[in-house]
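Chains as they are written, first to last, in the numbering used here: chain A, 1 to 161; chain B, 1 to 159.
Bear in mind the hints are in silico, worked out from the structure with no lab data behind them.
Glycine is no exception: its CB is placed at the ideal position from the N, C-alpha and C atoms.
Treat the hints with care, as some may be off.
In silico contact screen, one side only, chain A against chain B (beta carbon under 7 Å); selected entries [said to hold, decoys possible]: (1) Ile5; (2) Ile9; (3) Ala38; (4) Met42; (5) Ala98.
Taking lysine-lysine pairs in the DSS-like style, the calculated list, with each CA pair at most 25 Å apart, reads [unchecked claim]: (6) A/Lys17 to B/Lys53; (7) A/Lys58 to A/Lys113; (8) B/Lys110 to A/Lys17.
Listed below are the residues making up each chain.
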Amino acid sequence: MQDAITTLINSSDVQGKYLDESSLENLQSYFRSGDLRARAAMSISASTSTIVTKTVAKALLYTDITGPGGNMYTCRRYAACIRDMEYFLRYATYAMLAGDPSILDERVLNGLKETYNSLGVPVGATVRSVQAMKDVVNEMLGADAGREMGVYFDHICSGLS
Amino acid sequence: MSIITQAIANADREARYLSRGELNTIGHFFGDGQERLRIASILTNNVESIIEKGSQRFWQRCAVTPSNSGNSTFQASCLRDQGWFIRLISYAVVVGDIDPLQASGVRGAKEMYRSLEIPLRNVAECMRCLKEVTLELLSLEDAAEVAPYFDYLIQGLMP
Numbered sequence: 001m002q003d004a005i006t007t008l009i010n011s012s013d014v015q016g017k018y019l020d021e022s023s024l025e026n027l028q029s030y031f032r033s034g035d036l037r038a039r040a041a042m043s044i045s046a047s048t049s050t051i052v053t054k055t056v057a058k059a060l061l062y063t064d065i066t067g068p069g070g071n072m073y074t075c076r077r078y079a080a081c082i083r084d085m086e087y088f089l090r091y092a093t094y095a096m097l098a099g100d101p102s103i104l105d106e107r108v109l110n111g112l113k114e115t116y117n118s119l120g121v122p123v124g125a126t127v128r129s130v131q132a133m134k135d136v137v138n139e140m141l142g143a144d145a146g147r148e149m150g151v152y153f154d155h156i157c158s159g160l161s
Numbered sequence: 001m002s003i004i005t006q007a008i009a010n011a012d013r014e015a016r017y018l019s020r021g022e023l024n025t026i027g028h029f030f031g032d033g034q035e036r037l038r039i040a041s042i043l044t045n046n047v048e049s050i051i052e053k054g055s056q057r058f059w060q061r062c063a064v065t066p067s068n069s070g071n072s073t074f075q076a077s078c079l080r081d082q083g084w085f086i087r088l089i090s091y092a093v094v095v096g097d098i099d100p101l102q103a104s105g106v107r108g109a110k111e112m113y114r115s116l117e118i119p120l121r122n123v124a125e126c127m128r129c130l131k132e133v134t135l136e137l138l139s140l141e142d143a144a145e146v147a148p149y150f151d152y153l154i155q156g157l158m159p
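Isolated chain A (complex conformation) (with noise of 0.2 Å):
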C-alpha cells in the first residue's frame, strides 16, 4: 500500500534523484490538503449506511435488478450487494486520505471483475451505482471534497470495466 508521499518516493529512489521541485509542490499540495482529507473521511464515517441507502435508491432500487429474476433478488443478494457498496466506500475513502490508488488495486480490484463474472454479478449495474455513490458522496460533502473522492470512485469503475 502506497500514499502520495511514499509513491514520490519509491519513484526517485529507484532513479537515484533527490526529491526534485515539482516533487516537493506535489508533496506541498497533498500536505495543505489534509485537513480537507481527515474532515472528509470523518464525515463519511458517520454517515456511511445513509450514503449507501441514497445510492442503492438513486442506481439500484427502482430497476429490474431488484425484482425477480433480477440480481438483488432475494434479500440474500441485496443484503450482499449493500456489503460491496460498503466496501467500495470505505476502500475510497482509504485511498482519499492515502491520496493514492494502490490500496483499492490491491485491495478491492484485484480480482474482483473475474469473482463477479464467476458469481453473475451485473458489472455495469455495478458501476453504476458506484458513479451514483460518486454523485451522493460529491452532494453531501461539496464540490472539493467530492471531487477528491470522486477521482477513487472513478478508479474503482475503470477497474471493473
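With chain A fixed as given, assemble chain B onto it according to the hints.
Relative to chain A, chain B alone:
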C-alpha cells in the same frame, strides 16, 4: 510506510473507518508536512558540502581506510555512497519514518560492505561524521528532527 498508510492498514485489519484520534494524528502529520519538506530541502541543497566536509573529517579520524588509500575508484564509491545515505535520510525526513532508510539503506548493508571488504567500523564512523557536519548546518529544532535517522543508520551499520 508513512503514518498515513500505517493508520489505514490498522483500520482495514478491523474493517473500520479511521477513528477521530487517528485522523487527528494524521492531521498533525499533514500540518508539520511543510516543515519536513523544508528540512529535506536543506539537506538536498547542501549535499555536496555535507559530503565534502564529512569525508574530510572521516579521513582525519580513519586515515587507514580503502577510500583514503589513494585508489580513486574506492574514493569515488565512498563519496557516492555518502550521497546515497544523505538522500535516503532526506526521504525519511519527508515521510517522517525510518522506512525508506531501512528498505534501501540498512537492510543488507552490513553484508554488502563485508563482502566488499570495507571495514564496517569505518563505514559507521563515516556516517557519524556525516551526522556531525549535517547537524552543524541545521538549527537546533531541525537537527532534532534529523538526528534520529542518522542514529538509526549508524546503529544499522555497526559491526
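Unmet hints by their number, sorted upward, for this structure:
When the structure is compared with the hints, none of them turns out to be violated.
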